[in-house]
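Asker: Residues per chain, in single letters:
There are 2 protein chains.
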Amino acid sequence: MYAKLVCMDDNGSNQLDQLGKRSKQAAQEMAKAATLSKNEALSTAADAILALSDEILEANALDVERAGAAGAVRTSLDRLMLNENRIASMAGGLREVAKLPDPVGEIAKGWQRPNGLLVTKVRVPLGVIGIVYENRPNVTADAAGLCLKAGNAVMLRGSSAALGSNKVIARILRQALSETRLPQDALILVEDPTRESVKDFVQLSGVIDCLIPRGGAGLVNMVRAEATVPLIIDGDGNCHVYVDASADLDMALEIVDNAKTSRPSVCNAAETLLVHKDVATYFLPRLVSRIPQVELLGDAKTCAILPGAVLATEKDYATEFLDLKMTVAVVNGLDEAIEHITRYGTGHSEAIITNDLVSAERFCREVDAAAVLVNASTRFVDGGEFGLGAEIGISTQKLHARGPMGLEELTCLKYVVHGQGQVRT
Amino acid sequence: MYAKLVCMDDNGSNQLDQLGKRSKQAAQEMAKAATLSKNEALSTAADAILALSDEILEANALDVERAGAAGAVRTSLDRLMLNENRIASMAGGLREVAKLPDPVGEIAKGWQRPNGLLVTKVRVPLGVIGIVYENRPNVTADAAGLCLKAGNAVMLRGSSAALGSNKVIARILRQALSETRLPQDALILVEDPTRESVKDFVQLSGVIDCLIPRGGAGLVNMVRAEATVPLIIDGDGNCHVYVDASADLDMALEIVDNAKTSRPSVCNAAETLLVHKDVATYFLPRLVSRIPQVELLGDAKTCAILPGAVLATEKDYATEFLDLKMTVAVVNGLDEAIEHITRYGTGHSEAIITNDLVSAERFCREVDAAAVLVNASTRFVDGGEFGLGAEIGISTQKLHARGPMGLEELTCLKYVVHGQGQVRT
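For the protein sequence lines, the chains are A and B, in the order given.
Just so we're aligned, residue 423 is where the first sequence starts under the working numbering, counting upward by one.
Just so we're aligned, residue 423 is where the second sequence starts under the working numbering, counting upward by one.
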């Protein structure tokens, strides 16, 4: 029925729907698990990952070798590759998550109705979380840690290239679960290298309560088109910084530099600079001196000020470069800046640098994005930086979660109602 | 490109993507709209619906006549039909929504980071909400009222049978919007009778921020399979009442009667009674005397106690009868009751009648549903009864909204971050 699907634990059925049933069963157990057990499982797993790092590295070396022989590009191989540092950060990540407060059980709201009914909204796990991801094998531990801490079962569907590494990491985590008397099946790695099987996975209606694709636009679009289960999109970040006429221009230089160059390859890096016409002539040449390593692509006004800039196309403004490249546009004011962002933005993170209160307020209100920032770098839009502890991604959709997703976003609220025999008239 | 799609206002393009652009534009305006303007638009619409009720009834009579001639069944015609009372409740509904507090602008959370960044989560509209619905023309006003009050634009895609009625109601609402200087396009009725066009509608990625299908299982399943936009499922309610050994049995009789018979056709009505073996012999015959009009289908133990009961099949236990019919099972205790609900429930509303604290706590924790109730009727699971004011549906999924969806569920939280020049190190 389904394509070749082997669970890492060969005792079970090799059918995807069987794996789904086991995951649902485990989710019921996990929902009842004590915080201390969950924390212990994560710490145990962290210890084991360090103790068995040689085995992980060995499996990973084979994955890398195979991918290299198959002609994988350098960045792809880099994402696939593990080393002692990366393994240490997987273990460290699990320990950090163990330390975070457990979101499960919080009474988020509660009120009494005139008829005496006590209505409460209680935080509970989502159930089964499905993760579809690409090369990075550290996602296996990172994503699992967050999902398990929030009381969920997780079904992981990684790439074929990372299968060997993922199998070892998943086995270690399952072992840690069972050593702490939690169900091993709270973590299930779906092993099947075909593209077709992703489709079956994202259509596990009635099993997967929340699907999170982690990867590039190709993966995300495929999942969006094929999925029949509820999902959260962690989309592109085409982020803008708008330097207003009233901005502190030294601050603006610092922030644009940080937003563009501190880590160009991540989604909260800035891709476009919008600068008010009144300050462009002063600001842009200084920016070039500040970040000479960044290639600037600008509109006609920018190119008039910066002879070294290349004329930007429509497509450039819509591109998430993830590189030391930045588009620039000189705008007549706030309205034009907001229009530009509305047109080209991806609803991720948008910043304004200004000293004008009305501009700041209008920017915050009118720019439609997961995060808007005043006088701060877009690079802060991150679970750790916001104080959520850790994140499983940054949602660019509006349903359920918007912006960095921490433990709370891996839960939902259930109505628990206490009566004394009330009936509805 | 698209099948025949005519906007009610013929000035615009007749292409669905053009309608989508207009809706997005209107959503930006609506997000900024003052509470007073939104309230005034709803009150103006309520007045106009009453003033123009003859016109609505005339258009509706033609819809009903056409549907009758095409062989529509009685219940379907009943849903389609409007009368003075139903029109009065449309108008009354809009007035009630106008009175509710505006969720937009609430600062749901806020905290300061060690580096001085002030991180807040601010409640904002979702943007464009798409509603796909079936025969009831009153949904046009009811759904639009809630979406608009929460600051959204709404795209409505009703059934071909109700098109005449929907056009008149939509025109009245659009007129009210423009009279209060809000954008008419905040309400767009998509007019196209083909099944194919629903598919185009639910694939308006980049336009629809939240899709809510309102209708039967056929519609919901089609939408789930075809949609590429984020959606909230308002699914079936196969609700259970479990009468525990320790229950106050007079209370249990009241509640089971109310849950089953007060309005059998709605999703929060009970469909199955689970009764503890220790009290079944006493309880079941009394239930039959209490609700003789209800046809009972039971397991072997039930049939042994109630010779008049029919033996229930697997399928019966999985069925939402929406009728004066109820399945019954005698269980050995709480574990078996929870197992039964886990197997057959649809995650809607589940009740326990008990005086045992541990049973109540376990039931609330272990039953996975949008709402669990102790010693109260499942019929309370409703936006109005919970005090949300009004509801656009009851979500049976876990993402974003679970249970009755009021105004708050038609919004989302956006991060607004204030700094003083911070950059990330």
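One or more hints might be untrue.
Identical copies go unnamed one by one, so any copy, or any two together, can satisfy a pair.
Dumping the calculated SDA-like pairs for lysine to any residue here, alpha-carbon to alpha-carbon at most 25 Å [unchecked claim]:
1) Lys589 <-> Ala740
2) Lys543 <-> Pro525
3) Lys621 <-> Glu676
4) Lys747 <-> Val796
5) Lys454 <-> Lys737
6) Lys589 <-> Arg685
7) Lys521 <-> Thr497
8) Lys521 <-> Ala491
9) Lys621 <-> Glu648
10) Lys621 <-> Val544
11) Lys521 <-> Asp614
12) Lys531 <-> Gln597
13) Lys747 <-> Arg501
14) Lys531 <-> Ala473
15) Lys543 <-> Leu835
16) Lys531 <-> Thr735
17) Lys747 <-> Glu761
Rather than coming from a laboratory, the hints here were simulated on the basis of the structure.
Asker: Against each hint, give a clear statement of whether it holds in the structure.
Answerer: Outcome of the hint check:
1. Proximity of Lys589 and Ala740 under a CA criterion of 25 Å is satisfied in neither setting, with 38 Å inside one chain copy and 38 Å between copies.
2. Within a single copy, Lys543 and Pro525 get their C-alpha atoms as close as 13 Å, and across copies as close as 18 Å, so both meet the 25 Å cut-off.
3. Proximity of Lys621 to Glu676 under the C-alpha cut-off of 25 Å is found in neither arrangement, the shortest distances being 45 Å within a copy and 48 Å between copies.
4. When the C-alpha separation of Lys747 and Val796 is checked against a cutoff of 25 Å, the pair qualifies only within one copy, where the shortest distance is 23 Å, while the shortest distance between copies is 60 Å.
5. For the homomeric pair Lys454 and Lys737, neither the shortest alpha-carbon distance inside one copy (50 Å) nor that between copies (30 Å) is at most 25 Å.
6. With identical chains, the CA atoms of Lys589 and Arg685 are never at most 25 Å apart, being 30 Å at best within one copy and 53 Å at best between copies.
7. Proximity of Lys521 and Thr497 under a CA criterion of 25 Å is satisfied in neither setting, with 33 Å inside one chain copy and 56 Å between copies.
8. Taking identical chains as interchangeable, the C-alpha atoms of Lys521 and Ala491 are never at most 25 Å apart, the minima being 41 Å within one chain and 67 Å between chains.
9. When the C-alpha separation of Lys621 and Glu648 is checked against a cutoff of 25 Å, the pair qualifies both within a copy, at 6 Å, and between copies, at 14 Å.
10. Taking identical chains as interchangeable, the C-alpha atoms of Lys621 and Val544 are never at most 25 Å apart, the minima being 33 Å within one chain and 36 Å between chains.
11. Taking the shortest alpha-carbon separations for Lys521 and Asp614, neither the intra-copy value of 34 Å nor the inter-copy value of 55 Å comes in at or below 25 Å.
12. In this assembly of identical chains, Lys531 and Gln597 lie within 25 Å of each other by CA distance neither inside one copy nor across copies; the values are 37 Å within and 38 Å between.
13. Taking the shortest alpha-carbon separations for Lys747 and Arg501, only the intra-copy value of 21 Å comes in at or below 25 Å, while the best inter-copy value is 58 Å.
14. For the homomeric pair Lys531 and Ala473, neither the shortest alpha-carbon distance inside one copy (44 Å) nor that between copies (41 Å) is at most 25 Å.
15. In this homomeric assembly, Lys543 and Leu835 come within 25 Å of each other (Cα to Cα) both inside a single copy, at 6 Å, and across copies, at 18 Å.
16. For the identical chains of this complex, Lys531 and Thr735 are neighbours neither inside a copy (50 Å) nor across copies (40 Å), given an alpha-carbon limit of 25 Å.
17. Taking the shortest alpha-carbon separations for Lys747 and Glu761, only the intra-copy value of 22 Å comes in at or below 25 Å, while the best inter-copy value is 57 Å.
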